[in-house]
Structure formats: structure tokens, C-alpha cells
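Engineer: Residues per chain, in single letters:
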Amino acid sequence: NAGVMQNPRHLVRRRGQEARLRCSPMKGHSHVYWYRQLPEEGLKFMVYLQKENIIDESGMPKERFSAEFPKEGPSILRIQQVVRGDSAAYFCASSLGNSYNEQFFGPGTRLTVL
Amino acid sequence: GENVEQHPSTLSVQEGDSAVIKCTYSDSASNYFPWYKQELGKRPQLIIDIRSNVGEKKDQRIAVTLNKTAKHFSLHITETQPEDSAVYFCAAASDRDDKIIFGKGTRLHILP
Numbered sequence: 001n002a003g004v005m006q007n008p009r010h011l012v013r014r015r016g017q018e019a020r021l022r023c024s025p026m027k028g029h030s031h032v033y034w035y036r037q038l039p040e041e042g043l044k045f046m047v048y049l050q051k052e053n054i055i056d057e058s059g060m061p062k063e064r065f066s067a068e069f070p071k072e073g074p075s076i077l078r079i080q081q082v083v084r085g086d087s088a089a090y091f092c093a094s095s096l097g098n099s100y101n102e103q104f105f106g107p108g109t110r111l112t113v114l
Numbered sequence: 115g116e117n118v119e120q121h122p123s124t125l126s127v128q129e130g131d132s133a134v135i136k137c138t139y140s141d142s143a144s145n146y147f148p149w150y151k152q153e154l155g156k157r158p159q160l161i162i163d164i165r166s167n168v169g170e171k172k173d174q175r176i177a178v179t180l181n182k183t184a185k186h187f188s189l190h191i192t193e194t195q196p197e198d199s200a201v202y203f204c205a206a207a208s209d210r211d212d213k214i215i216f217g218k219g220t221r222l223h224i225l226p
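The listed protein sequences derive, respectively, from chains A and X.
Note that the numbering used here numbers the first sequence so that position 81 is 81, with each residue one more than the last.
Note that the numbering used here numbers the second sequence so that position 31 is 145, with each residue one more than the last.
Just so you know, these hints were derived from the structure itself, not from any lab.
Note that the coordinates shown come from a computational prediction; the quantities given were computed from them, not determined experimentally.
In this text, a Cβ means the ideal position worked out from N, Cα and C, and glycines have one as well.
Incorrect hints may have been included.
Cβ-to-Cβ under 10 Å is the rule here; a few derived chain X residues that face chain A [as the list claims (entries may be wrong)]:
hint : residue
1    : Ala133
2    : Gly155
3    : Arg157
4    : Pro158
Stretch-level coverage of chain A by chain X, calculated; a stretch enters the list once three of its residues show a Cβ under 8 Å from a Cβ in chain X [to be verified]:
hint : stretch
5    : 39-45
6    : 48-56
With a cut-off of at most 20 Å between alpha-carbon atoms, the simulated PhoX-like pairs for lysine-lysine come out as follows [what the hints assert, rightly or not]:
hint : chain 1 : residue 1 : chain 2 : residue 2
7    : A       : Lys44     : X       : Lys151
8    : X       : Lys136    : X       : Lys218
9    : X       : Lys171    : X       : Lys151
10   : A       : Lys44     : X       : Lys218
11   : A       : Lys44     : X       : Lys171
Start from the sequences and build out the full structure, keeping to the hints where you can.
Structural biologist: Dropping the structure here:
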């Protein structure tokens, strides 16, 4: 049973470009969470999705950031017109159900904005 | 919303000694408290969790305690080993919403 998969593992973008980060949850998991981790800092909640639904996006900036989890395929975190401050590690996690269930983390995507 | 504070931010202990990391939370509705370990360059992994219906839980060298009245919970690692060196995150969640709020982490160094 493969774990949570994320790709790409490393992504370099120039200011103003778009970054698209993908997350495939563990088999059987229908809940996906995205977190941002700045160097030497903790995991900041961004968004929680179930299939075809955004449940909670209170941690996601209103501008330039969007997320989806379509019926088929991986969850996508999209950052438009990236700026240097978007450089961070972006982790997704999946779980069977609500937060009482263990969240399994993917290996992360390290985004560098030049 | 929930706010989780974690102390200390950095902790160095001699190999074989015990390490204690402490967290506080603000939302009295929180009732699930997981702890994650993140090694350098790796993903966070759950090491132990505790629910609000118990005050203590132990798994080999790791134990967690919870004081709901004071809104405190702690991680205790005994007989520390070099492989315990990592960043540890506490977190809190409630069944009112389905997101886990993490503390800022404690970087634990095990000294030889």
C-alpha cells in the first residue's frame, strides 16, 4: 500500500510564474490536507479537502492560491504569480476521516522562487 | 480559533537522559492531541497521540500526559538515543472542525 505521494519533490519557479503541486493520498483515504512549512518553522494549515469539496480553506491566502481535489486524480495546490515569499516546503497529508484519524504525510514539495 | 504554544524551541540533552517538551492549547473543545517527529529533510510522522478521555499514555520510551483543566500536554522521552534527534511537533484538534493545529516545533539534540 503506497503512502502519500507528492510531486514534484523540488520545484523552481521565477517570480510571476505558476506553481502546481500534486498530492495523491493513500489508497482508501478521501481527506486531504495541505500545509506550508517555512524554514525553521512549524506546519501551518492551509486547506482541507474531500473529494470535489473544499471543507476548510481558512489557512490559505485569498489571493493567488487555490486548491482542488477532483473526483479522479490527485489533489492540486496551485499558486499563481509566485513571489519569493512563497518559497517553502509544502506538505500534504491524507486521512481516513476526521482529525481523530492519523494524518499521513507525503514527502513534501520544496518550492524555490527565484 | 485554536492556538498551540510549544516550549522549548530547542532542547539539548545528554544521551541516556530524559527529554520533556511542553505544549499549551487555547480551545477547551480540543480533545485530540497527536505528536509528530520530523527528521531532517523528511516528512512528519506520528509517534504517539492522546485523546481527552485519558490523562497519560505510554509507548516504550515515549509517554504523553494531558491536563485538560490547565490545557497543558507534554511529551516525555526517556533513555534518549542519537536517533531521537529531530524536530517534534505537538498538535491539537477538536471534532468541531477537522483540522489539526500544530505548535512551532522543538528541535531536540541528543549529545553523545
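Engineer: Next, verify each hint and record whether it holds.
Structural biologist: Hint check:
1. Ala133: Given a least distance of 18 Å, the restraint on Ala133/X is violated.
2. Gly155: holds, 9 Å
3. Arg157: Cβ of Arg157/X sits 4 Å from chain A, so the hint holds.
4. Pro158: holds, 5 Å
5. 39-45: holds (count 5)
6. 48-56: holds (count 3)
7. Lys44/A with Lys151/X: holds, 15 Å
8. Lys136/X with Lys218/X: holds, 12 Å
9. Lys171/X with Lys151/X: holds, 17 Å
10. Lys44/A with Lys218/X: Given pair Lys44/A, Lys218/X holds - Cα atoms ~9 Å apart, limit 20 Å.
11. Lys44/A with Lys171/X: It is violated: about 26 Å lies between the C-alpha atoms, which goes past 20 Å.
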